[in-house]
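Peer 1: Top to bottom, those sequences are chains A and B. Per this note's numbering, the first sequence starts with residue 107, numbered consecutively. Per this note's numbering, the second sequence starts with residue 107, numbered consecutively.
Errors might be hidden in some of the hints.
One copy or two, it doesn't matter: identical chains are merged, so the pair holds either way.
Here are the computed lysine-lysine pairs in the DSBU-like style, where the Cα-Cα straight-line distance is at most 30 Å [stated by the list, open to error]:
hint, residue 1, residue 2
1, K195, K245
2, K172, K109
3, K320, K147
4, K134, K365
5, K368, K217
6, K134, K217
The hints are simulated quantities; they were obtained by calculation from the structure and are not laboratory data. These figures come from a predicted structure and were not determined experimentally.
Protein chains: 2
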Amino acid sequence: MKKRLSISDIANNLGISVTTVSFILNDKAKEKRISEAMTKKVLDYVDKVGYKPNQLAKSLRTGKSKTLGLLVEDISNSFFANIADQIEKFAYDFGYHIVYCSMNNDVNRAKELIELFYDRQIDGFIIAPTEGLTEVIQKLLKNNVPVVLFDRHLEDLETNFVISENHRGAYTGTCLLLNEKKSTRVGLVTIDSRQLQMQGRMDGYREAVESLGKEVLITQIVRAQPEDETILQIRDFIQENRLDGVLFATNYLAISGLKAIKRYNLSLEKLVSFDENALFSLVDPAVSAISQNLQEIARQVVHILIDEINGKSKGLVQVVVPCEVIVR
Amino acid sequence: MKKRLSISDIANNLGISVTTVSFILNDKAKEKRISEAMTKKVLDYVDKVGYKPNQLAKSLRTGKSKTLGLLVEDISNSFFANIADQIEKFAYDFGYHIVYCSMNNDVNRAKELIELFYDRQIDGFIIAPTEGLTEVIQKLLKNNVPVVLFDRHLEDLETNFVISENHRGAYTGTCLLLNEKKSTRVGLVTIDSRQLQMQGRMDGYREAVESLGKEVLITQIVRAQPEDETILQIRDFIQENRLDGVLFATNYLAISGLKAIKRYNLSLEKLVSFDENALFSLVDPAVSAISQNLQEIARQVVHILIDEINGKSKGLVQVVVPCEVIVR
DNA sequence: CCGTGAAGATAAAACCTTTTAGCAAATATT
DNA sequence: AATATTTGCTAAAAGGTTTTATCTTCACGG
């Protein structure tokens, strides 16, 4: 209803200049040699009338929007949803807001969104990149826009990133499945993707299996296909290879796997999955988890990004966060 | 690196006025009688140099930020994560972005966030309100800020909202559990909350049970307590009342319930929960779901809000979306 | 030849800040 | 006493748009 107060209203009502008010509100009173008395007068008045600066105007002038863009594949995926929650909290502590969006494996939408965010003067990007985003991220870097990747990074791209210890996690996870008995057969269900985190998990699995001289068994699920397809494929993989144990490279693959097991009444001794999920303790057989440290990842991501925004960055920062193994 | 072009750069380079460029870019060429030739010239040039308007400046001038604020209890909760995903998609179609945050049952943080968003000139709010937010939302309404509530609404607050058919959903869900046999005993696990959607679910349960002249058995879980407490409480509730079937008022209560069942080896015939969850088909006994139509809720929320922002609103809009019952 | 209206464009104000450069008065230095 | 420095404050520019009001030119009817 009644128009919001602006800084010049404050100045006029107090019979002083806008500059003075601005300095005081930005904690530059000391530095700019504004008297204590004046400072107090302004602060009291501002408090009394409840003035709040217009952030848009502020951003326009300073070029900083105090907003970060978060781009993930699918915010409804529990891994991303959980990390988004953490990221928001950490960002909040620094006075930053988050705008998010899901890219849904649509490279064009992703590119468009990045441009869109960029046009909105977003201060920095937090991205779980999909293949095909290399150029557009490269463009951001060229324009000196702060970027931190997480969950995966891209080859040929010199960026900051925070990822989990995928190789090691997969290795330890696979060891849970293995058994000295020559006959124990364990397989990996992963996705059809060249994403580096998936490569890491694959290599970890492979190394563990090979160290016991067993056969490396891998099936790669096509991302886009309907879940029923996936379930069938996993069933066939398990049956044809007479598997005793399976390592799932992601959360949602494990869920499809469990559906396959239930639906087709398969019997397996042990299951392990990347990422934790409420359901893993509730099904039979229980699923052990290679749980990523979401809080630490989020903390690092936000800190690295904000350091870079504030010019406090010391070159590239690339962090690998250990996983925790939850044995069930 | 190189400074971004501004509209006045365009104008200078073309030797024309800023106004002309602005009119053309805002599709007002016809209306403002700019010649076809001029229009084409400008459009071609803008395209060639890849000029993009500064959204901050635009927002500052127009007072519209093309951004909506989404406030939920906990974005990592699958219900909210899924709906956030949908909301983002619908908003995107209208050129709107979403900034989100989790309130985590912290009324003060919630208030602060709402004020913060408001200061950022957010065009409208999408809120799943918690108790205690009445006043601050009231304040938004008084200032003519468009608001749509979802999942629940608040008494004494005349707002737009989109909720599910809680009463009916709970009624139908409870009917799934019931059985003509006099001996069948069914209970409701809900939360200790006066939120209206929970009241609705409770009433639906009660009505179904009473219609068969059976005993109404309800336990209310304290929100803040550690999950182990909750699990114990559910166990006791089930055991003490010798229940055959349980209706869970939310997703996460069902999960705690399943943990109780597994951990203490309880045996129940049937379970029903509000909200769908991947895990419900995988556990034993399988959990039937009263699934909310997330897509429709999101669609409505966004449309109502944007209509109101554009002044196309016809008074209060209060929508109740039917639930789908998934029997397992 | 004058007045009217439309066509085609524009100058300048407005949105609300931050920040640079500078002014006047008070104090310190020589 | 004259000069230099510090103190306390401010005018105005800058940031990039949109929009109002206005200006010039040309065509047309009378």
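Peer 1: It remains to establish, for every hint, whether it holds in the given structure.
Peer 2: Against the structure, the hints:
1. K195 to K245: The answer is both: 28 Å in one copy and 25 Å across copies each meet 30 Å.
2. K172 to K109: both (24 Å within a copy, 20 Å between copies)
3. K320 to K147: neither (78 Å within a copy, 69 Å between copies)
4. K134 to K365: neither (62 Å within a copy, 56 Å between copies)
5. K368 to K217: neither (40 Å within a copy, 46 Å between copies)
6. K134 to K217: Cα proximity of K134 and K217: across copies only (28 Å, versus 40 Å in one copy).
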